[in-house]
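Chains as they are written, first to last, in my numbering: chain A, 1 to 226; chain B, 1 to 226.
It is worth saying that the hints were derived from the structure and are not from the lab. It is possible that part of the hints are untrue.
To be verified - Covered stretches of chain B, as calculated for chain A (at least 3 residues, CB under 8 Å): (1) 61-72; (2) 90-96; (3) 100-114; (4) 132-138.
Said to hold, decoys possible - Pairs of lysine-lysine, DSS-like flavour, derived with a Cα cap of 27 Å: (5) 109/B to 109/A; (6) 108/A to 85/B; (7) 56/A to 108/B; (8) 109/B to 108/A; (9) 108/B to 96/A; (10) 85/B to 116/A; (11) 209/A to 108/A; (12) 96/A to 44/A; (13) 96/A to 109/B; (14) 44/A to 29/B; (15) 96/A to 216/A; (16) 137/B to 56/B; (17) 44/A to 109/B; (18) 121/B to 96/B; (19) 96/A to 85/B; (20) 96/A to 209/A; (21) 121/A to 29/A; (22) 185/A to 56/B; (23) 109/A to 56/B; (24) 56/B to 116/B; (25) 116/B to 96/A; (26) 44/B to 56/A; (27) 29/B to 85/A; (28) 109/A to 44/B; (29) 108/A to 185/B; (30) 96/A to 29/B; (31) 56/A to 56/B; (32) 108/B to 109/A; (33) 96/A to 185/B; (34) 56/A to 29/B; (35) 109/A to 85/B; (36) 116/A to 108/B.
Predicted model, so just to flag it, every value in this text is computed and none were measured. Glycine residues also receive a C-beta, built at the ideal position from the N, C-alpha and C atoms.
Protein chains: 2
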Amino acid sequence: MATEHEELILLDFWPSMYGLRVRIALAEKGIPYEYREEDLIRGKSQLLLDMNPTHKKTPVLIHNGRPICESGIIVEYIDNVWNDKAPLFPYDSYAKARAKFWADFIDKKLYQTGRKLYTTKGEEHEASRNEFMQCLKLLEEELGDKPYFGGESFGYLDVSLIPFYSWFQAYETYGNFNFEHECTKLIAWAKRCIHNKESVSNTIPDLSKVFAFVQKEFALFDIKNT
Amino acid sequence: MATEHEELILLDFWPSMYGLRVRIALAEKGIPYEYREEDLIRGKSQLLLDMNPTHKKTPVLIHNGRPICESGIIVEYIDNVWNDKAPLFPYDSYAKARAKFWADFIDKKLYQTGRKLYTTKGEEHEASRNEFMQCLKLLEEELGDKPYFGGESFGYLDVSLIPFYSWFQAYETYGNFNFEHECTKLIAWAKRCIHNKESVSNTIPDLSKVFAFVQKEFALFDIKNT
């Protein structure tokens, strides 16, 4: 449990699905913090370079002067330190391992395949379309008939995946998908999160704003840095 | 805490540094299990395909019929379930996040760069040599003057890194390094682990055996599957 008088700073970049995970976790716990936007396109702050010298990436959570990096690790840290409210992990070790497995799958497969939707053409694009849809189908299977990935309550895997919903207009357009028809369950889940969880609705950027960002800024921006 | 009469099966591949993490964690906890060698070169077992349909990779720990995949997640699961002996994580949330950050760094950087030492030539090889040494230097810095990455006790980051030592003869040869001279602290740490921890000395394969494997089998083997 954290003590009072915390100094909490988040270095982030608004369209980042990884940063959004941290913003949602902090909102779930009701933790106040200072948000500092990083301009990853035009130049990173000295503070970011000092706080994450290894990867030089956002998000970085600075808690009383000490940096925590990598979104999954940050969300788990938040859950450990502020453990008096809205637990993100189940008590059961197997369910915990399973949530981590799928969050890892999102990082390794969904993110990488999603990028290819707007960075490849021809056969490679077609392959990435199929792979992306397969990823979503596997995630739908994992969701099953539960309201949330965390079961009755919004948990770690929900926090890990819901930020990607803000990129869905971009994915849909570049991948020529119709998610409403092709992934009914997943879209219903995303809308449930937005409808029921203020931590999501108050935090997640508008899909069209993210789409406009992808369209306008993509050429300038090395997406690897998001 | 686990109950008695567990059924515990590990699907693994002997030179895999990821599988070795699991074998070391199980040995640290003194947990008996059935080891099943997978022949990743000539064909994967149906059990592996059934237990890890998403990635089709070893290691997989099957605990009372339920699969746990991805080495870091498995080691953490083992630590959660068998929590009565040899804790692998510190109690402090920041130290825990830090151990996870560096284990993630090993997966993302050290492993990938290490592969390039024997899969690239020319400028790319030279760049990977420099990057590999930089990775080791960062890890040495993280170790500092502590006997283990876990401080006074052997912990999660030690478990995550020590398996790579079994590949050091291969890395050294293909990268033209002299680790004894270039990474004195890290080599001293590796020897300390082997000398003091039976979980390591009884588990880790001989460096020359791994080197012979890399030499002989590499052409046949898609290393991505390790």
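Verification of the hints:
Coverage of the region 61-72 of chain B by chain A holds in this model, with 5 residues showing a Cβ closer than 8 Å to a Cβ of that chain against a need of three. Taking a C-beta to C-beta cut-off of 8 Å, the region 90-96 of chain B contributes 3 residues in contact with chain A, enough for the three needed, and the coverage statement holds. A count of 4 residues in the region 100-114 of chain B with a Cβ less than 8 Å from any Cβ of chain A is obtained; the coverage claim is therefore met, three being the minimum. Requiring three or more residues with a Cβ within less than 8 Å of a Cβ of chain A, the coverage given for the region 132-138 of chain B is violated, as only 1 such residues are present.
Taking the CA atoms of residue 109/B and residue 109/A, the gap is near 18 Å; set against the 27 Å cutoff, the hint holds. As the CA atoms of residue 108/A and residue 85/B are separated by approximately 32 Å, the hinted pair breaks the 27 Å bound. Between the alpha carbons of residue 56/A and residue 108/B the distance comes to roughly 14 Å, so the proposed pair stays at or under 27 Å and holds. The straight-line distance between the Cα atoms of residue 109/B and residue 108/A is roughly 14 Å, inside the 27 Å bound, and the hint therefore holds.
As the CA atoms of residue 108/B and residue 96/A are separated by approximately 22 Å, the hinted pair is consistent with the 27 Å bound. Simply put, residue 85/B and residue 116/A have alpha-carbon atoms about 45 Å apart, too far for the 27 Å limit, and the pair is violated. Between residue 209/A and residue 108/A the alpha-carbon distance is near 25 Å, which keeps this suggested pair within the 27 Å criterion. Our distance criterion of 27 Å between C-alpha atoms is broken by residue 96/A and residue 44/A, whose separation comes to about 35 Å.
Between the alpha carbons of residue 96/A and residue 109/B the distance comes to roughly 26 Å, so the proposed pair stays at or under 27 Å and holds. Proposed proximity of residue 44/A and residue 29/B is contradicted: the alpha carbons are some 44 Å apart, above 27 Å. Among the hinted pairs, residue 96/A with residue 216/A is inconsistent with the structure: their alpha-carbon atoms are about 39 Å apart, more than 27 Å. Note on residue 137/B and residue 56/B: the hinted pairing is violated, with a Cα-Cα distance of about 33 Å set against a maximum of 27 Å.
Distance hint between residue 44/A and residue 109/B is fulfilled; the C-alpha atoms sit about 22 Å from each other, no more than 27 Å. Proposed proximity of residue 121/B and residue 96/B is contradicted: the alpha carbons are some 38 Å apart, above 27 Å. Distance restraint check for residue 96/A and residue 85/B: the Cα-Cα separation of roughly 20 Å lies within the 27 Å cut-off, and the hinted pair is therefore satisfied. Under the criterion of a C-alpha separation no larger than 27 Å, the hint pairing residue 96/A with residue 209/A is inconsistent with the structure, at around 34 Å.
Proximity of residue 121/A to residue 29/A is assessed by CA-CA distance (about 42 Å); at most 27 Å being required, the pair is judged violated. At roughly 26 Å between alpha-carbon atoms, residue 185/A and residue 56/B fall within 27 Å of each other, so this suggested pair holds. A C-alpha spacing of about 14 Å is found between residue 109/A and residue 56/B, which places the hinted pair at or below 27 Å, so the restraint holds. The straight-line distance between the Cα atoms of residue 56/B and residue 116/B is roughly 23 Å, inside the 27 Å bound, and the hint therefore holds.
Proposed proximity of residue 116/B and residue 96/A is contradicted: the alpha carbons are some 34 Å apart, above 27 Å. Proximity of residue 44/B to residue 56/A is assessed by CA-CA distance (about 39 Å); at most 27 Å being required, the pair is judged violated. Our distance criterion of 27 Å between C-alpha atoms is broken by residue 29/B and residue 85/A, whose separation comes to about 32 Å. The hinted pair formed by residue 109/A and residue 44/B meets the criterion: a straight-line CA distance of about 22 Å does not exceed 27 Å.
With a C-alpha separation of about 32 Å, the suggested pairing of residue 108/A with residue 185/B is violated against the 27 Å cut-off. Restraint check for residue 96/A and residue 29/B: satisfied, since their Cα atoms lie roughly 20 Å apart, inside the 27 Å limit. Between residue 56/A and residue 56/B the alpha-carbon distance is near 32 Å, which puts this suggested pair outside the 27 Å criterion. With a C-alpha separation of about 14 Å, the suggested pair residue 108/B and residue 109/A falls inside the 27 Å cut-off, and the hint holds.
Restraint check: the Cα-Cα separation between residue 96/A and residue 185/B comes to about 36 Å, which exceeds 27 Å; the hinted pair is violated. The hinted pair formed by residue 56/A and residue 29/B fails the criterion: a straight-line CA distance of about 36 Å is larger than 27 Å. Note on residue 109/A and residue 85/B: the hinted pairing is violated, with a Cα-Cα distance of about 35 Å set against a maximum of 27 Å. Straight-line distance between C-alpha atoms of residue 116/A and residue 108/B comes to about 20 Å, which keeps the hinted pair within the 27 Å bound.
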